[in-house]
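Q: Go by the hints and put chain B onto chain A.
Each chain, letter by letter, is given below.
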Amino acid sequence: MRNNIDLGIGINQLKEGNLHPKVHSGLRFQPAFAHRFQSRQYSELQVAMGYSRIKTRFEELNASVNLQFNSSYRYLIKHTESGKFSMATGPGLHLRYNVSYYPRWDDSHLYWANHVNLSVENQMDYRLNEAKLLKGYLGLSLLSLISRPVADRQYKIDDLSFGGIVGNFHRFSTLGTVDKAVDLSTEIEYYNQLSPTKAHGLFYAFDHRRIQGQSSNVFQNSIHQIGFKHYLK
Amino acid sequence: MRLKATLVCLALLFCSCLRDDNFKQPYTSYLPAQIGDDWKISTPQNQNLDPEKLDKVFQLLYSDDRFMMARSLLVFKNGYLVAEAYPGNPKDINAIYNIQSCTKSVTAMIAGIAVADGMITDMDEKLYNIFPGHFDQDIAKRSVTIKDALTMRTGLEFNNSVHTQHLYQHKGNSIEYVLSRKMLHPSGTVMNYNDGAPHLVSKVIESKTGMSMQDYAGLKLFAPLNITDWKWERSKDGTTYGAFSLYLKPRDLGKLGQLLLQNGSWQGHQIIDSQYLEEATSIQVSANFNNEPYGYYFWILPADSAYAAYGHGGQFLLVVPDKDLVVVYTAWPYTSGEFFDQKSEMISLILNSCN
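Protein chains in written order, with the numbering used here: chain A, 7 to 239; chain B, 7 to 361.
It should be emphasised that the hints constitute simulated quantities derived from the structure, not laboratory data.
From a predicted model like this one, the values you see are computed outputs, not experimental measurements.
Fair warning: there could be bad hints in the mix.
Unchecked claim - Keeping only pairs whose Cα atoms sit at most 27 Å apart, straight-line, the calculated DSS-like set for lysine-lysine is:
#, chain 1, residue 1, chain 2, residue 2
1, B, Lys237, B, Lys177
2, A, Lys61, B, Lys349
3, A, Lys162, B, Lys97
4, B, Lys30, A, Lys61
Bound conformation, chain A alone (with noise of 0.2 Å):
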C-alpha cells in the first residue's frame, strides 16, 4: 500500500511565550497524506494540515485559531527482522508551519513558529497475525532552522500584505539543535489489511514542540490525536 489519507481529531494546546504564560487549547481537526516512493527502503513523503480554534480558561469563545502545516519526508533503512518484530531508522527532513491568532489578547499581530528541521526517525513494527500490525514511530529533531516573531514588537500592526506575511514567515535567523527547537513526533498504530488493496488503521499520536527563535520567547504546542487511515495501493 502505497499511500493513505488520515483523518485526524484531538487536542490541541498551545503557550505563546511572547504573548503569556496561559495555556491556549481546543479541538483540533487533521487531514494528512502519504505517499511511499518504490524502494527497498522506507521512503515515505507526508503533507498534513491541522486546524484548530482555542481558546484559554479566562475567555468563553474559543476565538483564537491556530493553524499548521506540515510536509515530512523520511529515508529509514531496516536494519532489524527478527520473527515478529522489525524495525527501521534514518534520517527525516520537515517543513513546519505553525501560525496562530489570538484576536483578544493581541488583534494585531500574528503570531508563528515555523521551523525547517533535520530528524532522526524511527519505524518498529510488530506483526500480530498475517492481515494485522502494531506500528510505533518515534520521530525526534537534531538540527532546526527557526522563524519566529520577536518577543518586542516594536510596531503596531502587521504587515498583512502577501509579501509581508511571506516574508515574516520565512525570516529563518535561528539555527539550533534542541537547546532551541524539540520537535518530537510518535505514533502508534493498529492496522490492519483487509484485502491486496484496501488497508486501515487507527492511531493515537502525540507531538510535543518546543521552538525557541532569536530574540524570542519560547513557543509550546502538545498534539494528543487519533485517528483513522485509509491505506491505497
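A: Just chain B now, with coordinates in the frame of chain A:
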C-alpha cells in the same frame, strides 16, 4: 499488568499536557528602585499618602485578573516617585512600550510647545492654509481648523476599527488618505473620537516647524526632560503618527505627567504654553461614544478635579493638580476591550490614599 500499563499511560498523558504559569511575579513591595535616573525617591508617608491604602492598590494589581496584562503602576507625589511595581517582568522598568492612544495627549502637548515657540499663533487657523496641497476638491473640508482637529471635530469620517489599519498600511500620502475620507458633518460641530485627526495635527506641527513631529518632540520635549530612550512610529510617507505608537518607559511617561502638573514648566523653562495647557486640560467637548468630557486629546475627570491620557490596554497617565499627584499605568497594549483593566476602581483607591 494491564492496570499498571493503563496507569503508566495515564501518567504519561498527564505529564505531557501543558500547564498555565502565573501571569505575574509574586507581590513583595511597591518601594521604588534606585536606578540612578532623574527621579527623586520618597516614601508615601513623607508625601502625605497613606501607605496601607496604597498597599491595597498594589495588592489588587497583582492579584486581580482584571489587571492580568498589567506592566507597570507608578505613583508620583509632590515631584517624588513614591511607589512603583512591574508585575509581569521587573525588567519592564527599563523597557519602552507602545502607549497607544496616550500618544494623542503627547501630540497635544507638542502642539502646546509649538504655541510657546510662536509656531502656532491661532488655534482657529484653517488646515487648508497650512498644507493646501493635500486637500481634495471638497470645499467643506477647507474649513477644518487646528482646534477642530484637537477636539476631534474635523467632521471627517474615520472609523478606527477600519481606517486605522488602512492608515497604518497606506503606501501613498497619509495626510491625503485622512483628508480623502467623506465629510459627514460640518467641521467644529460633532465630536468623533478617531485616529485621523491627531495625524492632521502631526502634519500641522511638521508644516509649522519644518521638521517631523517626532524630531520636534525629540528636540523640544524629550531632550529637556532627559528622556533618551523612546521611539515613535511614522507612516510610510514619513509623517509621525499623532494618534498612537509612541514608545516610552513608564518613568518617562511619569515625567510628562510631572511637566503637566508644573503647567508646562521644567527646571525654570516654560516648555508648553501655560494658557494653551489650561485650554487643553479643560472641557472642550463631550466624547461621542461615552459622553465623557474631553479637552485637547485629554480626558477630563471633573469629579476628581483631574485629567488623563488613556491608551488601549487600559493604560493611563493621570494628573491630579489639586493633589500634586501623577499616576502611570501601562499594560500589554493590544488586548481587546473586554480584557481591559478596570481603571476607575484603581484610580479611586489611589486618590483615597491621599491624606
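Q: For Lys162 of chain A and Lys97 of chain B, compute the direct alpha-carbon distance and say whether it is at most 27 Å.
A: Status holds; Cα separation ~21 Å.
Q: Holds or violated: Lys237 of chain B and Lys177 of chain B, Cα atoms, limit 27 Å.
A: Between Lys237 of chain B and Lys177 of chain B the Cα gap is close to 21 Å, so the pair holds against 27 Å.
Q: Hint check: Lys61 of chain A vs Lys349 of chain B, CA-CA at most 27 Å. Holds or violated?
A: Cα-Cα ~25 Å, so holds.
Q: Is it true that the CA of Lys30 of chain B sits at most 27 Å from the CA of Lys61 of chain A?
A: Holds: Lys30 of chain B and Lys61 of chain A sit about 20 Å apart, inside 27 Å.
Checked against the numbered hints above, the structure violates none of them.
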